[in-house]
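**Q** These are the residues of each chain, in order.
There are 2 protein chains.
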Amino acid sequence: MFRFARFALCRQLMVRHVSATAKKSFSGLGKFNHVAIAVPNLEKATALYRDILGAKVSDVQDLPEHGVSTVFVELPNTKIELLHPFGEDSPIAKFLAKNKSGGIHHICVEVNNIREAVATLQTNNIRTLTKEPKIGAHGKPVIFCHPKDCNGVLLELEEA
Amino acid sequence: MFRFARFALCRQLMVRHVSATAKKSFSGLGKFNHVAIAVPNLEKATALYRDILGAKVSDVQDLPEHGVSTVFVELPNTKIELLHPFGEDSPIAKFLAKNKSGGIHHICVEVNNIREAVATLQTNNIRTLTKEPKIGAHGKPVIFCHPKDCNGVLLELEEA
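Residue numbers (the working numbering), protein chains in the order written: chain A, 380 to 539; chain B, 380 to 539.
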């Protein structure tokens with residue numbers, strides 16, 4: 380009984396230690412990661428930023444599992460992400476059907492702890508598009524906040 | 380005659396010197412200055428960013444000459460600007476009539492020379508909302524590019 384109690388205490392202390400060191404609790408918004416623009420013609424949009432506005436741009440990256448092709452416009456302090464549908468059922472196809480010329484699709488801001496951020500949102504009745512964070516287009520856990528609860532803005536939070 | 384010619388030459392050299400040192404030619408896009416969100420309720424929108432999302436926010440600033448009240452959400456690398464109509468004929472009243480919950484109104488990127496940037500836009504048939512740069516809400520020369528020529532995005536260029 381004593382040995383079990385000691386083991387239980389040890390485990391409790393270990394769990395406490397792990398949760399205290401592995402992740403900080405949500406400390407508020409961090410860096411502005413990117414603004415995403417859905418574009419009807421990726422080549423033409425890239426040419427605007429690269430050839431006319433003189434910005435550095437990335438190569439096209441196809442992300443079939445996310446249904447988009449992307450080009451990043453690299454600015455000194457953040458990025459503009461150009462998004463174009465890839466394949467059937469792209470999450471931005473409907474947006475482009477409504478906005479023929481394209482438009483700003485979402486903004487993405489970093490947080491240090493996505494699970495704690497989600498808990499904070501839930502406590503404050505800010506709805507999210509999925510219940511749990513998912514791995515986003517950049518390989519990091521993300522969650523999208525519902526535009527109706529964020530002044531009409533699709534706000535993506537990404538764990539930094 | 381000789382004295383006049385010498386004066387004219389001097390003036391020419393001075394003008395050359397001033398234009399060469401005072402301003403560089405347009406060197407492409409610089410820092411991402413802000414993303415502007417039009418909001419139907421400035422107090423509620425500020426509370427979302429300050430109280431729930433834990434960001435530092437500025438006081439409300441009324442800019443009657445621009446027809447807006449603003450609050451800046453200060454992120455480590457850039458700003459989110461919350462915009463609310465101020466007075467009659469606000470430039471964002473129409474936008475909010477169309478987008479009841481609010482929405483992303485424009486993005487602003489810095490340039491080192493606004494006049495050269497405008498010349499570059501004109502050469503490339505990118506329309507601007509005004510012919511000439513104007514002094515913007517932050518006291519700096521700005522120009523707005525036409526959304527139809529920029530993938531549906533109202534793109535503000537601001538001289539840094």
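If you're looking for bench data, these hints aren't it; they were derived computationally from the structure. Hints should not be assumed to be uniformly reliable.
The list cannot tell twin chains apart, which means a pair is met if one copy fits it or any two copies do.
[As the list claims (entries may be wrong)] Derived DSS-like pairs (lysine-lysine); straight-line CA-CA distance at most 25 angstroms:
#: 1; residue 1: LYS527; residue 2: LYS479
#: 2; residue 1: LYS477; residue 2: LYS527
#: 3; residue 1: LYS510; residue 2: LYS458
#: 4; residue 1: LYS423; residue 2: LYS519
Predicted model, so just to flag it, every value in this text is computed and none were measured.
**Q** Would you mind marking each hint as holding or not holding in the structure?
**A** Evaluated hints:
no.: 1; hint: LYS527 to LYS479; verdict: both (22 angstroms within a copy, 10 angstroms between copies)
no.: 2; hint: LYS477 to LYS527; verdict: both (18 angstroms within a copy, 14 angstroms between copies)
no.: 3; hint: LYS510 to LYS458; verdict: neither (27 angstroms within a copy, 28 angstroms between copies)
no.: 4; hint: LYS423 to LYS519; verdict: neither (29 angstroms within a copy, 30 angstroms between copies)
Of the numbered hints given earlier, the model fails hints 3 and 4; all others are met.
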